[in-house]
Amino acid sequence: MPEHNIVPRDGNAMQKYGLVIAFAAICAVLSIRSPAFLTPQNAINVLRQISINAILAVGVTYVILTGGIDLSLGSVVAVTGVLAATFAHPDTYPLAVPIAVGILGGVLIGVLNGLVITRFRVAPFIATLGMMTIARGGALILSGGRPVSNLAASFNFIGNGSVLRIPIPILILAGVFLVSRFILRRTTFGRYVYAVGGNEEAARASGINTHGIKVASYAICAGLAGLAGIVQASRITTGQPNAGISYELDAIAAVVIGGTSLSGGIGSVTGTLLGALLIGTLNNGLDLLNVSSYYQQVVKGLIIIGAVILDRRKRSR
Amino acid sequence: MPEHNIVPRDGNAMQKYGLVIAFAAICAVLSIRSPAFLTPQNAINVLRQISINAILAVGVTYVILTGGIDLSLGSVVAVTGVLAATFAHPDTYPLAVPIAVGILGGVLIGVLNGLVITRFRVAPFIATLGMMTIARGGALILSGGRPVSNLAASFNFIGNGSVLRIPIPILILAGVFLVSRFILRRTTFGRYVYAVGGNEEAARASGINTHGIKVASYAICAGLAGLAGIVQASRITTGQPNAGISYELDAIAAVVIGGTSLSGGIGSVTGTLLGALLIGTLNNGLDLLNVSSYYQQVVKGLIIIGAVILDRRKRSR
Amino acid sequence: DGSNSDRLVIGVSLLNLSNEFIVDIREAMEAKAAELDVTLIVTDAERSAEKQIQQIESFITRRVDAIILNPCEVEASSPAVDKAIAAGIPVVNVNSETRSEPTAFVGSRDEESAEIAIKYIAERLGGRGRLLMMTGYPGQAAEIKRTEGARAALRNYPDLKLIAEQTANWSREEGMALMENWLQAYRDGIDAVFAQNDEMGLGALNALLSAGVKDRIVLVSVDAIADALAAVKEGRLDATVFQNARGQAATALETAVKIVRGQPYEKTVLIPFELVTRQNVDRYITQP
Amino acid sequence: MEHKNCVLELRDVSKSFPGVKALDRVSIRFRPATVHALIGENGAGKSTLMKILMGFYTDYAGEILLLGQRLTHAGVRQALEAGISMIHQELMYVPHMTVAENLLLGREPASRFLKRIDRREARRQTQQLLNQVGLDLEPDRLMKDLNVAERQMVEITKAISYHAKIVIMDEPSSSLSQHEVERLCGIIAQLKDRGVTVIYISHRLEEVFRIADEVTVLRDGRVVGAARVSEIDADRVIAMMVGRELADVFPRRTRRPGPVILSVRNLGRKGAFHDVSFDLHRGEIVSLAGLMGAGRTEIIRCLFGLDRYDQGQILVNGKEVPIRSPADALRLGLGLVSEDRQTTGLVPCLSLRANITLSNLDLCSWGPIVSWGREEKLVERMVGDLRIKSPDTREMVANLSGGNQQKAVLARALLGEPNVLLLDEPTRGIDVGAKAEIYKLMGRLAHEGKAILMASSELPEVVGMSDRVIVLSSGAVTRQLDRDQASAANILRNAMAN
Ligand SMILES: Nc1ncnc2c1ncn2[C@@H]1O[C@H](COP(=O)(O)OP(=O)(O)OP(=O)(O)O)[C@@H](O)[C@H]1O
Ligand SMILES: Nc1ncnc2c1ncn2[C@@H]1O[C@H](COP(=O)(O)OP(=O)(O)OP(=O)(O)O)[C@@H](O)[C@H]1O
Ligand SMILES: [Mg+2]
Ligand SMILES: [Mg+2]
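Protein chains in written order, with this note's numbering: chain A, 1 to 317; chain B, 1001 to 1317; chain C, 2001 to 2288; chain D, 3001 to 3498.
Hints were generated in silico from the structure; no laboratory data involved. Misleading hints may appear alongside valid ones.
As the list claims (entries may be wrong) - Covered by chain D, per the in silico footprint, the following chain A stretches (three or more residues, Cβ under 8 Å):
#: 1; stretch: 192-201
#: 2; stretch: 244-253
Stated by the list, open to error - Label pairs and their in silico Cβ distance ranges:
#: 3; chain 1: A; residue 1: L178; chain 2: D; residue 2: P3391; range: 26 to 34 Å
#: 4; chain 1: B; residue 1: P1090; chain 2: C; residue 2: R2187; range: 30 to 38 Å
#: 5; chain 1: B; residue 1: Y1093; chain 2: D; residue 2: L3067; range: 53 to 61 Å
#: 6; chain 1: B; residue 1: V1179; chain 2: D; residue 2: G3075; range: 24 to 32 Å
Nothing here was measured: the structure is a model prediction, and the numbers come from that model. Cβ atoms here follow ideal geometry from the backbone N, Cα and C, with glycine treated the same way.
All chains, full assembly: derive it from the sequences and hints.
Next up, the structure:
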């Protein structure tokens, strides 16, 4: 089973063993406590609910694998949502225009992040924190601080429609996940992403254009945030300038819960998806059990830490 | 020159040159544009406004120097503020009680963070992210979601009173800063904090109790967050369960702007203080100039990135 | 739980449960639920419309009998209403509106609160003076509407000048810092401050008191939370604007139950805002 | 053997890692005031055994007796307090701290109250330590700014300064040149006089025979032989280590230089070297020799585009070429094995496989897509050629033994079949058996018309392999020696000329 060539032997299913067990345990408890939990309907529900966070998390996995971080994601979701929405009023542009504008807007922001980080050697934390407030300001300026509404039905279909009874956001997530999994595992680019994060000096000495790889990673990450922005705007049928606040933390949490190391070079998008699923299931399940929202926060924090402990235990057995 | 060797690790004035220049430039522009800016009154104002963020930032400097991170700070401010406030109603306990409760509450949370990170080898990001939601839940549960008000005048004096015309929060900040500077530069504990962040294996090979150093750093960090929580509650004369949201990001930003490396081992509290001053001055100045709040965000992001670029340039010249 | 028994189950999605005003709504609703013997499932949207939609989707999956929605946004929370209605579940909007039409609405016009506040300030200042406005988190429905209401009201008072407008993100701490900065920038040139919620208003109040200038500046905020009422009573805060959280909550739940039981109900219940000053504050203080 | 004649005894020590039995019932007795060499192939388990002694691994089977007392470690601190100190194979220092701070780390002189560091006393102690070993280093320099050899000297100084009863040296000389090795020998002799037991791990057998009193040979985690040095010879030891007889270490070669492939004209880099000129012919092996800090590494880094040169030209096949990055160098057919595998060499968290193919992924991919099958084949070949010992080619490279890591770096450079191979300390930490393989390989490459430029601190290697030796001193070429002139003595004389 040539599961994985990049990540060492235990970087495959085995590695996620602990997380899978934690996830299964949570599901078991929830389905005992609430009959509504283990229904196909609710499974679809959970998947749709995690889709935006998971798309963001998959994107930021690239960046974190290179050893960076992207705090601007939430703001990018807002600004690209507003951008896309302004081109999505009924009977103005074809659907492709708002989609292209949203994604390219994201890519542009990502390229800027990448250039500030590589050319000017600003720490990714600061560069993207700066971009976080810049992009938020941009979203407010573009929209005049008002939600951009009255969008075309075709645009709203992206977030709310289904194909073959599967909600479109889930299909988009599936596409993003599979393509990213392929890129990171099977392509030279993916290999270089891991190498840059694992040891930048050594990657450079191996002839890798480390700056290029980083810029590309930030571009992919913010481009996917643009996609998430479109899905979000379509789902809430508005370009909302204050959308996406602190989404970056949720996304990064999914990545780290999924076993990707914040210092770079170790991890996978499969882990990330599992991480996002774990968080989403928890949110859904605690609502189903009608746990009071204050206690929900406590329980959620405890379970996340617990799941990660279980996971690390399993892995270093 | 026995005073200063060439130790960029804990930074001398030279190193912060770029940042000092950036800071001076900002002050120059602001004082030209607004006569109200360069007054002693406003200087006090800025210092008072940064005090909470700067106390938090000094605390998280310890943690970041060890190579960790603490995302629970904002929630700790809330929960300790609520805790202190519940013991600070008029004519109940002496002033020492709410103060002790707030700080010890913080220390306890920090010790828990540290133990989860060292004993269970959970990534600091996840451990403290979990604690962030747990502590927030705790603050809401403790307070029932309502501000805890009607506090004793003596308690409110902490945040609003002055001694020799200097507001007490500024005095507290000064104390925290000076003590921390001493600890980190002059004591063996400080040395070990740098060593653990610089190369944990090497620190361990030198017989340093690396776990102990980390736990202590998290405890100091959260203890100072407890202090900040007390100052905050006293300043707004309420224990506010939703206080401090995203304060951790501001604090970490101050640390990183101040030249401390997120990978640990490099930095100083002097840099942190400068970083906090830069952010605080910016906030104050943009308000004084009445820059529209949308554009404020853009300008703020740009200036922060610009200051850091200038700083890195200067340093690597 | 409960969906197979004959007890009614009502899903509630609230804007933000770490806001005192919304906590009041929840408590009033829970009290009413005990009285009417229905089961409530209360969720916290944490100010996110996206999250709110998710909660409604979960309610639909669980087939609750009715939904009470305390919308985060006018437009962005509308799909939540649409989805519930499409699934045949009645929706009662409480406190604020959505673009999509719910089964019933119980609440107020947010613009009105700002109009009342500005009118009070204008009267106190004799129609002329310099005004500062502290706005809420940019882009949120309440901020937008209160800003619009204030602007509209100001058109009636051409000599009442809005000299600066800045956000303090609904926060007491930020309101205090903003007021301190304003005092530096405008010193003696301020006659009145309108804060779009009590939290910011109380922050501004602290700053004004510390600077010793409260006597000559009129300060008004909105929501009438307990702290604000106390401040009004002590004469520190000039006025706040009361919105009847408990009334809204109880009426919304009653309406939802009536709809489910097929009883007649009022489609729109508008509960007006009320100005609270030192003269009438005692009527609003519930606790000792 | 009588009890007091044994300071330290290991009884049936075993240790496993996932998929590897690193140590299998190892029993050794160490006598006081002796130098006990521990030798064995790469991956034999030497470092693991020492880390157990030092308290790094506490989950092992078996017993350790220190002066007859059973040693139960809770960690490194306990080992240090029990009188054991160690120089680690992978140097352990804090890069952003100064030499002085690193030397005293964990035992700074400090006041009782507040544990305030006594700077003056610290300075005095540091200077004393440096003087003691005759190391002329500014105590305020940052560790990261030192070269590998200097860092290694600092670590040696640190290890002996604990006044331990047992000093473990895990390849202390791997990047030291002759001059420093002499100094190390002196230090070890002093330790012995003080009654200290030195456990000495090295792949340089001549050193072992000079320094050690006793030798224990490990193979595949087991003790396969032990003897007094006076009663054994190198061939026996090698046979024990590799499990077979080894013929000549250095291959016989006839020098057949072809056309010039690489020329360097007046190359210089501020603060490192200046006015360096030489030609490299196809089919030739040329060495850069010099003392520590002579500038060999800097020249090689510039040639490979890792650093910028600010003076002179580089010509490949007679054409001047700008080399601004390693990518340029690779495109021009250069390959590099860098001196420091930790920083410029390996990506520690990736698999052995990914590390080997990193700079030549195009050899096993269709366009942007990597073919795992082809990659595996290429890697298996290199692993076989270089005898890299690893449970699986997908093992994380950080888990390999030091020598096998070095082989991985070499494998990567060789995979691209470069026309010019730049080797900086290529056999650092590599066992004799594998060294012979590498020399054979170098010979073969030269025979195939490739050119090799090597920097090595191991004089026998320089003398044994080079067609020509370029001797450097303080960043300038002092002499170019032909093969017949290149004796160790001659090289050293020119290296110290100035
Ligand atoms: N942390 C680890 N995880 C997994 N395997 C390991 C680890 N450390 C060492 N090993 C394995 O244990 C075996 C012994 O390694 P060790 O480092 O002790 O060898 P060594 O004799 O010191 O070799 P060298 O001469 O190359 O330094 C090797 O097979 C190595 O791959
Ligand atoms: N990163 C650095 N910062 C500052 N000085 C350096 C750095 N690297 C090398 N030097 C200095 O440059 C000079 C040349 O060092 P270099 O490493 O090239 O020597 P070398 O001949 O390869 O010796 P070695 O045998 O130790 O590798 C030395 O004086 C060294 O101290
Ligand atoms: Mg070894
Ligand atoms: Mg060298």
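Quick rundown of the hints versus the structure:
1. 192-201: holds (count 5)
2. 244-253: Since 0 is below three, the answer is violated.
3. L178/A / P3391/D: 26 to 34 Å: 31 Å, holds
4. P1090/B / R2187/C: 30 to 38 Å: 34 Å, holds
5. Y1093/B / L3067/D: 53 to 61 Å: For Y1093/B and L3067/D the Cβ distance comes to about 58 Å; the hint holds.
6. V1179/B / G3075/D: 24 to 32 Å: 30 Å, holds
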